[in-house]
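J.: These protein sequence lines are chains A and B, in that order. Each residue of the first sequence is one higher than the one before, starting from 1 at the first, in the working numbering. Each residue of the second sequence is one higher than the one before, starting from 288 at the first, in the working numbering.
Everything labelled a hint here was simulated from the structure, so no lab data went into it. Wrong hints could be hidden among the right ones.
[To be verified] The calculated lysine-lysine pairs, modelled on DSS-like cross-linking and capped at a C-alpha distance of 25 Å, are:
#: 1; chain 1: A; residue 1: K18; chain 2: A; residue 2: K3
#: 2; chain 1: A; residue 1: K22; chain 2: B; residue 2: K360
#: 3; chain 1: B; residue 1: K360; chain 2: A; residue 2: K113
#: 4; chain 1: A; residue 1: K267; chain 2: A; residue 2: K219
#: 5; chain 1: B; residue 1: K347; chain 2: A; residue 2: K267
[Said to hold, decoys possible] These stretches of chain A come out as covered by chain B in the derived footprint (C-beta under 8 Å, 3 or more residues):
#: 6; stretch: 137-149
#: 7; stretch: 156-164
By construction, the Cβ of each residue, glycine as well, lies at the ideal position given by its N, Cα and C atoms.
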Amino acid sequence: MRKFFPVEELARDERFNKITMKDRQNDPRSVFAADGEGDSKRANFRLTPARRDASDGARGLMHGIFVGEIQALEGAGRTCWDFETETEAPFALKLDMARQCWDEARHVEISVKLSDWMGTEIGQYAENTVLFEAACSTDPVMRLAGVNRALEGLAIDVFTTMKEFGDLAGDPYLEFCEDWMLADEVTHVKMGSDWLRKMTEKDPERRNKALEFQSVVDKLFSYGGTRSDSSESPIGLARRFRELAGFTDEEVESIADVSLQALNERKLAVAKMLGAADSLTAAAAGE
Amino acid sequence: MTITVIPETFSYVSFDADLIRRVTGDLATSLGLEGHPITVEVDETTPLARTRIDITDGIKIRADSGAFEDTRKPRQQSETATATSLGRVLLRARDRLSGGFGEAPPDNELSLAQIAAWETYSIGRLERLGIPVNRQRWLYNFRNRHGFTDAGDGAFDQLWRSEGLTWGELCAISAAAAMAVTPT
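Please model the complete structure; the sequences and the hints are all you need to start from.
T.: So, in structure tokens, the structure goes:
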């Protein structure tokens, strides 16, 4: 069986349509108005039942969770196989990754059933493969930082948002399922934090490189302001659960800063784009 | 029948104004709205999926690009999504124009439960016109606004199957469903 599987070759049937982060970044549209206001956009975008499009928003996010779980399963599975036992990755680490595969497979099944319950078909939304891309590093420590700490950290934020959504909406299954999956994600992050610390104990340079990589991935996952403390982001930062997962206060603050920075960068880009569009329209009108 | 699509060419998304015109025309004919000039204006700068309608001078529809989008292929148009989104607002326009909905508040003053009830009533009728719809999606939407109860599901079925409701009848079904929610 081949090692280090490229993201382009992930096996999917005809129901799925894969897109990359580049595709997403090339989409010039935005939910944000240039000034954060305006009649056609809204300032509060947090996914709660109070949103007019709440159920469709929840369905879209649930599908995102579903494909994320598939990719997390693929990533953890690759880590079990891609590295030589003991010389590259300790056996106990692989055992943890195998346990994570078991969890992720269960999450995939739960996500399929929840999607069905919410009226979403498998593959109904495009699959962004950025999650698996974070799991393609040739260094297991980088994978722990990118997948277990950044990706699974994002999962903590997403599940917390969905759990609260289910609770507020009175959905008996959504709240229950998200709560159980959230507990697993906290464990996955904790495993990542513990192994990252252990494997870089005598190699601070490697640890710094891994944490730097995690920061890059965290910013990617926050692209366009998807996740931040701001109510303009659909997904909030689950500070308490991150704390339980082993993130230090400084680390949570750093993720909050990076996320807010991603949100503001996107808003600035939109303002520039709309400004450019207005200039073109004015020029065409001969003003 | 006069149908105007704005813009005629799209730059943010790969939409086809002729397709929008054709779908609008087919729906208008099926719904008996041929006598009304219709304008469909698409805001292609946002991926949101909202639709708004103004019937004071002809029928003016303003849709965010997400309303016509293929969720599998971002920025591409879906004929089914286009028909579903336009059908929902055109049915709402027909309800308001044909009587029985005179006392309905303006769209921006409708409660979330009223919106969900009216959507259910509209989507049920669209399904009978032959437009493919995912019933479970709309049931989930209705449950989010009326509670996850058997009474709520019964109300959903009633609205879905109905034809020729008045605003008062629609509100009564919605209110009865919402009352069945027991605090947990």
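J.: What hint numbers does the structure not satisfy?
T.: 5, 6 and 7
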